[in-house]
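Just so you know, the sequences run in chain order A and B. Per the working numbering: the first sequence = residues 7 to 370. Per the working numbering: the second sequence = residues 8 to 169.
It should be emphasised that the hints constitute simulated quantities derived from the structure, not laboratory data. Since the structure is predicted, the reported quantities are computational estimates derived from the model, not experimental observations. Where is the CB? At the ideal position from N, CA and C, for every residue including glycine. It is possible that some hints are incorrect.
Stated by the list, open to error - Estimated spans, in silico, between C-beta atoms of each pair:
id, chain 1, residue 1, chain 2, residue 2, range
1, A, V82, B, Q103, 43 to 51 Å
2, B, T148, A, L84, 51 to 59 Å
3, B, Q103, A, N31, 23 to 31 Å
4, B, E59, A, G86, 53 to 61 Å
5, B, K117, A, S69, 53 to 61 Å
6, A, D29, B, Q103, 15 to 23 Å
7, B, E59, A, V83, 37 to 45 Å
8, B, E38, A, L84, 29 to 37 Å
9, A, S69, B, D13, 31 to 39 Å
10, B, E59, A, S69, 23 to 31 Å
11, A, V83, B, T145, 45 to 53 Å
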Amino acid sequence: MKRDDLTNEQEILNALKNEYTMDANQRSRVLENAWKRAENGEQGIAAGKLRPSRSPSYRIHESVRRALPLAACIAVVLAGGLFAYYKLPRVNETQISETTTAVSDTVSTSDTTTTTIASLTTVKQGSDAFRTTVNSESRTTVSETTTTAESAESTMTTQASAAETEAEASAEVQTVGTTAATMLTTTTTSTTAKTTTTTTTTTTTTTTEKSEEFIVTDADLYVPNMSVYAGEQITLTVRFGRNMEFAGAQMYFVLRDQNLPNRMAQIHAIRADIYEQTADGGTQQVETLGAVDHGQMLAACVTAQSGNSILTTESVIYLDVTIPKDAQNGDIYRLELFEDSKYAMADDQTGLFRTQFGDIKVVG
Amino acid sequence: MEDQRDSYSQFYERNANLVYAVALSYLRHREDAEDCSADVFAQVFEQKLTFESIEHERAWLVTAVRNRCRNRVKHWFQSRRDEMPENGRSDEAAVQLRMTMDAIAEMPEKYRLPLVLCAVQGYSTAETAKMLQTNESTITTRISRARKILRKKLEGGEMNEA
Numbered sequence: 007m008k009r010d011d012l013t014n015e016q017e018i019l020n021a022l023k024n025e026y027t028m029d030a031n032q033r034s035r036v037l038e039n040a041w042k043r044a045e046n047g048e049q050g051i052a053a054g055k056l057r058p059s060r061s062p063s064y065r066i067h068e069s070v071r072r073a074l075p076l077a078a079c080i081a082v083v084l085a086g087g088l089f090a091y092y093k094l095p096r097v098n099e100t101q102i103s104e105t106t107t108a109v110s111d112t113v114s115t116s117d118t119t120t121t122t123i124a125s126l127t128t129v130k131q132g133s134d135a136f137r138t139t140v141n142s143e144s145r146t147t148v149s150e151t152t153t154t155a156e157s158a159e160s161t162m163t164t165q166a167s168a169a170e171t172e173a174e175a176s177a178e179v180q181t182v183g184t185t186a187a188t189m190l191t192t193t194t195t196s197t198t199a200k201t202t203t204t205t206t207t208t209t210t211t212t213t214t215e216k217s218e219e220f221i222v223t224d225a226d227l228y229v230p231n232m233s234v235y236a237g238e239q240i241t242l243t244v245r246f247g248r249n250m251e252f253a254g255a256q257m258y259f260v261l262r263d264q265n266l267p268n269r270m271a272q273i274h275a276i277r278a279d280i281y282e283q284t285a286d287g288g289t290q291q292v293e294t295l296g297a298v299d300h301g302q303m304l305a306a307c308v309t310a311q312s313g314n315s316i317l318t319t320e321s322v323i324y325l326d327v328t329i330p331k332d333a334q335n336g337d338i339y340r341l342e343l344f345e346d347s348k349y350a351m352a353d354d355q356t357g358l359f360r361t362q363f364g365d366i367k368v369v370g
Numbered sequence: 008m009e010d011q012r013d014s015y016s017q018f019y020e021r022n023a024n025l026v027y028a029v030a031l032s033y034l035r036h037r038e039d040a041e042d043c044s045a046d047v048f049a050q051v052f053e054q055k056l057t058f059e060s061i062e063h064e065r066a067w068l069v070t071a072v073r074n075r076c077r078n079r080v081k082h083w084f085q086s087r088r089d090e091m092p093e094n095g096r097s098d099e100a101a102v103q104l105r106m107t108m109d110a111i112a113e114m115p116e117k118y119r120l121p122l123v124l125c126a127v128q129g130y131s132t133a134e135t136a137k138m139l140q141t142n143e144s145t146i147t148t149r150i151s152r153a154r155k156i157l158r159k160k161l162e163g164g165e166m167n168e169a
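Please model the complete structure; the sequences and the hints are all you need to start from.
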């Protein structure tokens, strides 16, 4: 419409009056609806009736408006569920934290449990059969071992009184940090439980005869439990749970799939900060050799130069490893420590000094 | 009861177009405007409302229908409805009318209502001022500006007068 046409602007506005005016049919329809609604409003409240004769478009509008909040809630819940299912790692963090708490409680309340580490260490020297028992049973769950430890506490108290290294062991354990204490005790409690059954057949008279030997138990070294993805590169931090005497001062590490012993994670590098105990009771850092290529670095070795010394709990070993790309969700890798390379590469489950610690779970 | 119904029928005849025009200018949809009008009259009938004067009843009706329309329009579903009735005509005059109605519908409320009531429905400035509860001079100014906006809009310009 051009400006010239607007000379008749008022005429157009007058013509619009027809558009803004109801015709006879509309008037009677609106009046009828108004009366119906008024009557149903008066009588329908008592009778519980809904107001009728809404226009179809209004009814659709009302239906959509009423359904919208519920639909939005359902959409949000579904979206959250789908996100949680597909995007979040499928590992139950709650379970892990609960387990950790339970175990740390055990640590704080039972000194007698920690003293059994020492007695166990000495007992262990004389019995290969006992070592086998420890290795095979060390995979029991934490909750089970905690319960068992409580039930076996009284037994262990009496046995621990006979151990010569009781005071030393308890003191060492107390120096471990919070996280370390958790990991340490996870394995400690399991060991304690086994001791109750083993010491019935193995006398404690064999105590300290071979205590000078290098020996590794589940409680001596630890790595944190971790959740990883297939193909992910991680750095494992290995610490000593107590001062350890190393004759050869060589440690071989392998990260092995617990279901497929032939499958191992590739170790890229090994670094170590090793400290030894000096004659006057202090500590000094020991020069170490770096990574040693051993079988395409599926096993790595660290060598402390000093040899035949007591390595302290300050010592830390770092392992850079890559989880296999074909690892499946739910696979568990555990770090294994060997004193001898011939055991390190074999999938022989009965390696003499073989031990396992830390659960590296594959998720996603 | 019959007497009361007769009096309300007269009331309805007096004000039906006023309520419908205001509703249509907000809702831009013929059926919704009817529905809203029926709601307003149903409230009067149901509550048996009485008014002091013609001006009072008009002012009450305009306020009531305006509030109902605002409630509907602010909902996202209604705000997306943009369906002015065509009345089945397709000639040039119908197109011009449609353009004019669209332009009026897009105006700010303070200009649209005086224009519809005064310039379209034919109420006087004084009557419109009482219905909208404002001054006559304000109504005159707003109608003038509304016409200006309408002219500019129909020429193809933007509505900058709001």
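We went through each hint and held it up to the structure:
1. A/V82 with B/Q103: 43 to 51 Å: Because 48 Å falls inside the window, the suggested range holds.
2. B/T148 with A/L84: 51 to 59 Å: 54 Å Cβ-Cβ, so the 51 to 59 Å window holds.
3. B/Q103 with A/N31: 23 to 31 Å: holds (25 Å)
4. B/E59 with A/G86: 53 to 61 Å: holds (58 Å)
5. B/K117 with A/S69: 53 to 61 Å: Violated: the Cβ-Cβ distance is about 34 Å, outside 53 to 61 Å.
6. A/D29 with B/Q103: 15 to 23 Å: holds (21 Å)
7. B/E59 with A/V83: 37 to 45 Å: Cβ of B/E59 to Cβ of A/V83: about 55 Å, so the range 37 to 45 Å is violated.
8. B/E38 with A/L84: 29 to 37 Å: holds (35 Å)
9. A/S69 with B/D13: 31 to 39 Å: holds (37 Å)
10. B/E59 with A/S69: 23 to 31 Å: violated (40 Å)
11. A/V83 with B/T145: 45 to 53 Å: With a Cβ separation near 52 Å, A/V83 and B/T145 satisfy 45 to 53 Å, so the hint holds.
Consistency note: the structure conflicts with the earlier hints numbered 5, 7 and 10.
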